[in-house]
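K.L.:
Given next are the chains, with one letter for each unit.
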Amino acid sequence: MSDLFNPSEEHLALRKMVADFTAKEVEPQAEHHDRTGTLNRELFGRLGELGLLGITIPVEHGGGGMDAAAAVIVHHELSKSDPGFCLAYLAHSMLFVNNFFHVSNDEQRERYLAKVVSGEWVGGMGMTEPGHGTDVLGMTTTAVRSEKGWVLNGTKTYITNGPDAQVFLVYAKTHGRISTFLVDRTCPGFTTSKPIKKMGMRASTMSELIFEDCQVPAANMVGEEGGGLVHMMRNLEIERLTLAAMSVGIADRCLDIMVRYGRDRVAFKQPINRFGQIQRYIAEGYAMTEAARCLVYNVARSVGPEHHNRLGSDAAKLFAAPVGKTVADYAMQVLGGAGYCDEYKVERFYRDAKLLEIGGGTLESHQKNITKDLTRKLD
Amino acid sequence: MKILVTVKRVTDYERKVKIKPDGSGFETEGMNFVPNPFDEIAVEEALRLTKEHGGDVVVVSIGPNDATQQIRQALAMGAQRGILVQAGELDSDAVARVLQKLVEKENPDLVLMGKQATDDDANQAGQLLAGYLGWPQATFASKTEGLESAEEKAQKPGVKVADGWASVAREADGGIETIKVQLPAVITTDLRLNHPRFASLPGIMKAKKKPIEEIPVASLGVDITPKVRVLKYEEPPARLAGVKVADVDELVNKLKNEAKVI
Ligand SMILES: Cc1cc2nc3c(=O)[nH]c(=O)nc-3n(C[C@H](O)[C@H](O)[C@H](O)COP(=O)(O)OP(=O)(O)OC[C@H]3O[C@@H](n4cnc5c(N)ncnc54)[C@H](O)[C@@H]3O)c2cc1C
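Going down the list, the protein sequences come from chains X and R.
If you count by the working numbering, then the first sequence holds residues 1 to 379, one letter each, in order.
If you count by the working numbering, then the second sequence holds residues 1001 to 1262, one letter each, in order.
Check before you lean on any hint, since a few could be wrong.
[What the hints assert, rightly or not] Per the computed footprint, the stretches of chain X lying under chain R, defined by three or more beta-carbons under 8 Å from a beta-carbon of chain R, are:
id: 1; stretch: 7-13
id: 2; stretch: 17-29
id: 3; stretch: 44-52
id: 4; stretch: 58-69
[What the hints assert, rightly or not] No farther apart than 35 Å at their CA atoms in a straight line, the calculated lysine-lysine pairs in the DSBU-like style are these:
id: 5; chain 1: R; residue 1: Lys1153; chain 2: R; residue 2: Lys1051
id: 6; chain 1: R; residue 1: Lys1209; chain 2: X; residue 2: Lys24
id: 7; chain 1: X; residue 1: Lys24; chain 2: R; residue 2: Lys1016
id: 8; chain 1: X; residue 1: Lys115; chain 2: R; residue 2: Lys1209
id: 9; chain 1: X; residue 1: Lys24; chain 2: R; residue 2: Lys1206
id: 10; chain 1: R; residue 1: Lys1051; chain 2: R; residue 2: Lys1002
id: 11; chain 1: X; residue 1: Lys372; chain 2: X; residue 2: Lys354
id: 12; chain 1: X; residue 1: Lys24; chain 2: R; residue 2: Lys1002
id: 13; chain 1: X; residue 1: Lys115; chain 2: R; residue 2: Lys1206
id: 14; chain 1: R; residue 1: Lys1018; chain 2: X; residue 2: Lys24
id: 15; chain 1: R; residue 1: Lys1051; chain 2: X; residue 2: Lys24
id: 16; chain 1: X; residue 1: Lys269; chain 2: R; residue 2: Lys1254
id: 17; chain 1: X; residue 1: Lys115; chain 2: R; residue 2: Lys1051
id: 18; chain 1: R; residue 1: Lys1020; chain 2: X; residue 2: Lys269
id: 19; chain 1: R; residue 1: Lys1018; chain 2: X; residue 2: Lys345
Note that these hints are calculated values from the structure, not bench results.
Fair warning: this is a prediction, and the values are worked out from it, not measured in the lab.
All residues carry an ideal CB built from backbone N, CA and C; glycine is no exception.
Could you put together the complete structure from these sequences and hints?
P.N.:
Okay, structure coming up:
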């Protein structure tokens, strides 16, 4: 009863539930929020009711008590209808909640966990800066000790959920080393910019986080001073894996759209799927989607709080991200003008797919990491 | 109150079923199975009733071992325990007889069933069960307030239970008719009774530990000899291409003389 994609009966039940929810509740609203560039806050709350916002948090702490494979399943299924909404979910549940839980103390969990697991609060994570993206260690946001706590100065950018979140995990330098802080929207000296407009993933919002002598209480430093680098690196694995899963969801959906269209569209008095060129798009799209699916779910088995697989998660995202983009492109080509216009939704998936080659690490950063890790293995 | 709810494992209504070349049944290979949608509505109604009046919901499925998946889904929605009667394909009459045995064993105050299963659409098991039990029945239960109402948003039951009676708004041909039945009774659910909830993730995790009793159908001592014999399955005839008519006269003429419908 278990297989690579549904490692247990609970995983299968989770997939069915999310697929059902996606078809009935997520799909009908996707277009509107893409057009308006807004987060569907009410629908986001529904994810809390379904217990999905704290999916990787142990049951005794009020979470779903599930693993990386389960997180992959949720991102995969949601992205079949609304990758933009799924990105807001990812920024909250993976970048904030999962990371926060594993590095916070009891007192901090007491203050924040119930709020973010229920969906009463939205969370986000600030790592990237205007001057430092891939070169994240070069970040210049600083935190200086004050009498009451910490004073933060600097700017983070491209922060998903920036306009909507009540709390952020923020990385800043203390004495030249990276530390992790919890910053509430209400902290004095904290503001967010206007929403940043983007090509795709518009059902999630994004902004800068601006710290101007921002006062953060001492109790809001997470973990030890200088512990931020480890927090960041540890969490990147599940982040990349779930981003890769989103790409598989996009590819699955685009494949479905092009297979149907190939059968139904008639040109030169025959269905276009009789043409070899169309068959190539469909067949290659299918083959690469299957390959990405197997890689992502296989890596999911070895990512968790106790085991690490940086090589695997980098490889999964490096391989899967272009698959979502390519299959969306193939689908658009198979649909011709209908693909470029909005009715068949392909143009939205096409715009959304590109982000996965950039966010959470560019393709080039995965190439860099993989080469470094493989070379290090020789020693 | 104790409510017994039935959940049948059926083929996914969103996918096309394929008939085996020899017409002996359906292709099950690669088929997706789901709980009968009408039964999900019955489970939802049972959960709302026990929330309001207290009590337990017991889910029963009659079918192959894989039907535990559909029982677990109902348990994940919030039902307390499950019973699987292990059996092959039964006709509606045999299903009603098997259920009669279970009802005698479980003594529920109410049996809630889907009005029909989306695979064979027989619409008989509920009525037959009420007949065998000698219980009152209310079929096609609906919600007078409608599915967009505040009652539905607040997850209120459409079936109103008070003082040992259930008041049921049923969808009849001419509109909605409200009848009262004395409990214990059999109620079957129509589409517009409620929006069933999704099983939540904590619900799924809890369902793992809820008990499912497995009963081989032979051990119940019920006569399950089919009363309905399936001779053969076949596809409905393919629709023929339409024709264009020149004017109304030709249309009327065709309807009269070719289609013979007027
Ligand atoms: C929609 C969206 C949502 C995002 N959400 C968040 C968020 O929630 N939180 C957050 O912290 N960040 C977020 N980001 C930021 C994202 O992680 C960065 O955009 C990404 O890490 C790349 O950084 P950069 O944009 O500064 O590009 P740069 O690092 O400036 O890269 C520019 C180009 O140079 C290449 N390059 C850089 N260094 C090297 C190298 N050493 N070798 C080879 N090539 C190199 C890159 O691959 C790229 O092609 C988001 C971005 C987007 C677009």
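K.L.:
Hint by hint, say whether it matches the structure.
P.N.:
Cross-check of the supplied hints:
Using a Cβ-Cβ cut-off of 8 Å, 4 residues of the stretch 7-13 of chain X lie near chain R, which meets the minimum of three, so the contact claim holds. Remark: the stretch 17-29 of chain X is confirmed as covered by chain R, as 3 of its residues place a Cβ nearer than 8 Å to a Cβ of that chain, reaching the required three. Against chain R, the stretch 44-52 of chain X contributes 4 residues with a C-beta closer than 8 Å to a partner C-beta. That satisfies the three-residue criterion, and the hint holds. A stretch counts as covered by a chain when three or more of its residues have a beta carbon under 8 Å from one of that chain; for the stretch 58-69 of chain X and chain R the count is 4, and the coverage holds.
Under the criterion of a C-alpha separation no larger than 35 Å, the hint pairing Lys1153/R with Lys1051/R is consistent with the structure, at around 15 Å. About 28 Å separates the Cα atoms of Lys1209/R and Lys24/X, which keeps this hinted pair within 35 Å; it holds. A C-alpha spacing of about 19 Å is found between Lys24/X and Lys1016/R, which places the hinted pair at or below 35 Å, so the restraint holds. Between Lys115/X and Lys1209/R, the direct Cα distance comes to roughly 27 Å. Compliance with the 35 Å bound is thereby established for this hinted pair.
Proposed proximity of Lys24/X and Lys1206/R is supported: the alpha carbons are some 24 Å apart, at most 35 Å. For the proposed pair Lys1051/R and Lys1002/R, the alpha carbon gap of about 11 Å is at most 35 Å, so the pair holds. For the hint linking Lys372/X to Lys354/X, the alpha-carbon distance of about 25 Å falls within 35 Å, and the restraint holds. A C-alpha spacing of about 31 Å is found between Lys24/X and Lys1002/R, which places the hinted pair at or below 35 Å, so the restraint holds.
Simply put, Lys115/X and Lys1206/R have alpha-carbon atoms about 22 Å apart, close enough for the 35 Å limit, and the pair holds. Restraint check: the Cα-Cα separation between Lys1018/R and Lys24/X comes to about 25 Å, which is no more than 35 Å; the hinted pair holds. Between Lys1051/R and Lys24/X the alpha-carbon distance is near 25 Å, which keeps this suggested pair within the 35 Å criterion. Distance restraint check for Lys269/X and Lys1254/R: the Cα-Cα separation of roughly 31 Å lies within the 35 Å cut-off, and the hinted pair is therefore satisfied.
As the CA atoms of Lys115/X and Lys1051/R are separated by approximately 26 Å, the hinted pair is consistent with the 35 Å bound. Annotation: proposed proximity of Lys1020/R to Lys269/X holds, straight-line Cα distance about 31 Å (limit 35 Å). For the proposed pair Lys1018/R and Lys345/X, the alpha carbon gap of about 29 Å is at most 35 Å, so the pair holds.
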